[in-house]
Amino acid sequence: MTNLVTPRPGILDLKPYVPGNAGLDNSRPVMQLASNESALGPSPLAIEAYRTVAARLNRYPDGGCSELRSAIAARYQLAADHLVFANGSEHLIDLICHAYAGPGDDVLFSEYAFLMYRVSTLAAGARPITAPEQNFHASVDALLAAVTPQTRIVFLANPNNPTGTYQAASEIQRLRQQLRADILLVIDSAYAEFVDKADYSAGYELVNDTTPNVIVLHTFSKIFGLAALRAGWGYGAQEVIDVINRIRGAFTVNAPAQAAAVAALNDLTHMRKVKQHNDQWLPWLSNAISELGIRITPSIGNFVLTHHANADTANALVNYLKARDIIVRPMAGFGIPNAVRISVGLEHENHACIEGVRDFLATR
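Going by the working numbering, 805 is the number at position 338 of the sequence shown; the sequence numbering is gapless.
Incorrect hints may appear among the rest.
[To be verified] With a cut-off of at most 30 Å between alpha-carbon atoms, the simulated DSSO-like pairs for lysine-lysine come out as follows:
1. Lys789 - Lys482
2. Lys740 - Lys789
3. Lys664 - Lys740
4. Lys789 - Lys742
5. Lys742 - Lys664
Keep in mind the hints are simulated off the structure, nothing from the lab.
These numbers come from a predicted model, not from an experiment.
Please model the complete structure; the sequences and the hints are all you need to start from.
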């Protein structure tokens, strides 16, 4: 009998990540409130920059992302040679796991963390370890208590998706100080631009070459509205950046994405408009849901996590809204089966969503 080609042990045990827009009928418009995308879309300058690349699609992109590197360094006041680029920050998560963890190693993250931490950990052959959260807040004490001699990576999303909660800069500093020097701390700051808290930091100040065990991840998919183009970057100690560069592909960010990202970074007017929109509608959405008697987890992202009596109620709400062409995200895949995540949308989408939730409750 011919032997079959088989993957490494554990791969077939993985549950594929299912994005929030899976199964949508693209033949008609829907209100997409499932994926935490920018409600206002990309900068007009980014759209124009994207179009200008169309005549050069036969050319490979700049593998070093030189213009984008300079733009990020200037925008965030970072050292340009400490940056690494990939096909979205999700790609960087995967590269980090493959570079620093494998069979016999542990990768640690909080209980309700971004699902790709687990997927990438298992794909690398390592063991995922979760630390319990307190009222949907990650706990530095719980993370430290969960560290094992085999721990190689700690992921911490700040703010966290799907809960919208965050850790103060002092807590992140404490986590870094109390972790062993041979553990890589990965701070995922995808939603950083939405945050106004005085005690919050994206974590860039923790990066240094003296103790090279921190990398901060970022993305152009959220406030910059470029989710379709897949552009992510990391800021870390040079030693860490060098390791990731050794295993990433030659052209990990395509040319249209690079051009659009540079333009988006330089359009501060549009970014402020997106931030102002979220500042107005996140509290409105949160309050409107609460006034309907539904418990929420207060969020500082561009979404709100809603809690329901049980999983059946949560799923029924998702399906009821879907019948009205309003797409929200069930949370069973995140280990919260009685919860639903709702992204901030445009004004009419937010009103339609609340009207739909109100009508759903009237049927129960």
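Unmet hints by their number, sorted upward, for this structure: none
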